[in-house]
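Protein sequences appear in the order of chains A and B.
Under my numbering, think of the first position of the first sequence as 1, with each following residue one higher.
Under my numbering, think of the first position of the second sequence as 337, with each following residue one higher.
Hint data in this document are derived by calculation from the structure and do not stem from the laboratory.
Warning: the hint list may mix true and false statements.
[Said to hold, decoys possible] Label-pair restraints from in silico Cβ distances:
hint : chain 1 : residue 1 : chain 2 : residue 2 : range
1    : A       : Lys230    : B       : Ala411    : 19 to 29 Å
2    : B       : Arg340    : A       : Asp292    : 39 to 49 Å
3    : A       : Asn268    : B       : Ser364    : 17 to 27 Å
[Claimed, not checked] Straight-line Cα separation of at most 25 Å, DMTMM-like style, residue types lysine to aspartate or glutamate; simulated pairs:
hint : chain 1 : residue 1 : chain 2 : residue 2
4    : A       : Lys61     : A       : Asp132
5    : A       : Lys8      : A       : Asp292
6    : A       : Lys16     : B       : Asp369
7    : A       : Lys230    : B       : Asp360
8    : A       : Lys16     : B       : Asp374
9    : B       : Lys350    : A       : Glu328
10   : A       : Lys227    : B       : Asp415
11   : B       : Lys357    : A       : Glu17
12   : B       : Lys357    : B       : Glu391
The beta carbon of each residue, even a glycine, is placed where N, CA and C say it ideally should be.
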Amino acid sequence: MEGQWLVKFGIEFVPKEYYWKIMYYAIQAERGGFSNLWITDHFNNRNVYVTLTAAALYTNKITFGPGVTNPYMVNPVFTAQAVVTLNELAPGRVVLGMGAGDKTTLDSVGVEMEKPLTAVEEAISIIRKMIDGEAVACQGEVFRAAGAKFLFKPRGRIPVYVGAQGPKMLALAGKIGEGVLINACHPKDVEYAVSCVKEGVAAAGKRYEDVDVAVYTSFSVHEDIKKANKAAVPVVSFIVAGSPPQVLERHGIDVNKALEIKEALKANDWGRAFGGVTPEMISAFSVCGTPDMCIERIAELLKSGVSQFVVGSPIGSNVREAINLVSEKVIPHFKT
Amino acid sequence: MSFRNIAEAIPAEKRQTVSNKLSDLILSSKNDDKMPNDLANTLLYFWQRNVLAGEQGLATLLEAATLLESEKVIASLADLGLPDVAERVKQTTTKT
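The shape of chain A in the complex, shown without the other chains:
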């Protein structure tokens, strides 16, 4: 009899690379036991839906979707159109990750992050109706529609995951999402996030077990801890620089040291920025280390009630080898 998985494994790729590199890794991840493939959505990388279309054609069973898109850069009707069309290419394998977006990116194109909670909720409502083939008429606070409807019959069901970090968005995610993408790495943060999600789930009268709660991590694995750390440092430096003081203080990180890193990054002084990253910062903002160390951290995260662990950037100094390590040494540990 086949064993049961204690947690599903997802993997995130940033389509900054050529499609053929992402597809190489996607094929490898599918073969290695990953169940979910998430492609990030930023206008300054390659297009998320073109990349997902390639994933639909080059993979056979992995579930995939944008992780995450936002309602500001792309009108919800176009997001609905994109995922519905993808679901025709790969029926039953498409999910949609939707969040409020990242302020820096939105600022760079002059788009205001107006009422993020309302925007996400209204967008998802519109998208669900479109997926169900309904005509959408609404006068929301952020979005309006007057009978928007596809001229074809959409097929199938597309679960919506809400990407969230703050307590209100986490609660909303629990309330309206079939899944939640929690942006956190440390057990303390994940435990708190899950408690917020549970509030939303309870408010909606749902069962927590029916929501796929995914923890979306910065991940770096290598048999040599120094190499794992070295790969994690650049990503961690950006997370530290972008973290509010209360988050840094919660992890015992000196706010002034974080400011120094931020200044160095602004000045493109990579040596100073990366040199300022401490082991405490790596521990707070990534899952990093040898396979055994990663197993230990994932097991800790599972105690909070997480049902999907997402291996995110940088994955490792050598992505191909890192995917193999996760497939061969980490994933099998979480099968009963």
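Chain B: place on chain A using the hints.
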């Protein structure tokens, strides 16, 4: 000499190692804009079928890796104890 002929000269017991090494050279290359689409698609075709360590797969990897990182390919093959194969790749790249 074709890349298929060069691939055939790689001993069976070293094919997986060579396949991994060539894949790493391609995936980490900064010259990835030199990769022709049809070659990338052929590579993915063989990878989907998990036969990049077969003769056709190795031939594709050799062609792609040589286009992107010819000197590293030659050095890597020599490091893997395949000086004859490295020499054949060198001759092929010199001709083209």
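Tested hints:
| no. | hint | verdict |
| --- | --- | --- |
| 1 | A:Lys230 / B:Ala411: 19 to 29 Å | 23 Å, holds |
| 2 | B:Arg340 / A:Asp292: 39 to 49 Å | 42 Å, holds |
| 3 | A:Asn268 / B:Ser364: 17 to 27 Å | 23 Å, holds |
| 4 | A:Lys61 / A:Asp132 | 23 Å, holds |
| 5 | A:Lys8 / A:Asp292 | 18 Å, holds |
| 6 | A:Lys16 / B:Asp369 | 13 Å, holds |
| 7 | A:Lys230 / B:Asp360 | 18 Å, holds |
| 8 | A:Lys16 / B:Asp374 | 20 Å, holds |
| 9 | B:Lys350 / A:Glu328 | 21 Å, holds |
| 10 | A:Lys227 / B:Asp415 | 22 Å, holds |
| 11 | B:Lys357 / A:Glu17 | 20 Å, holds |
| 12 | B:Lys357 / B:Glu391 | 15 Å, holds |
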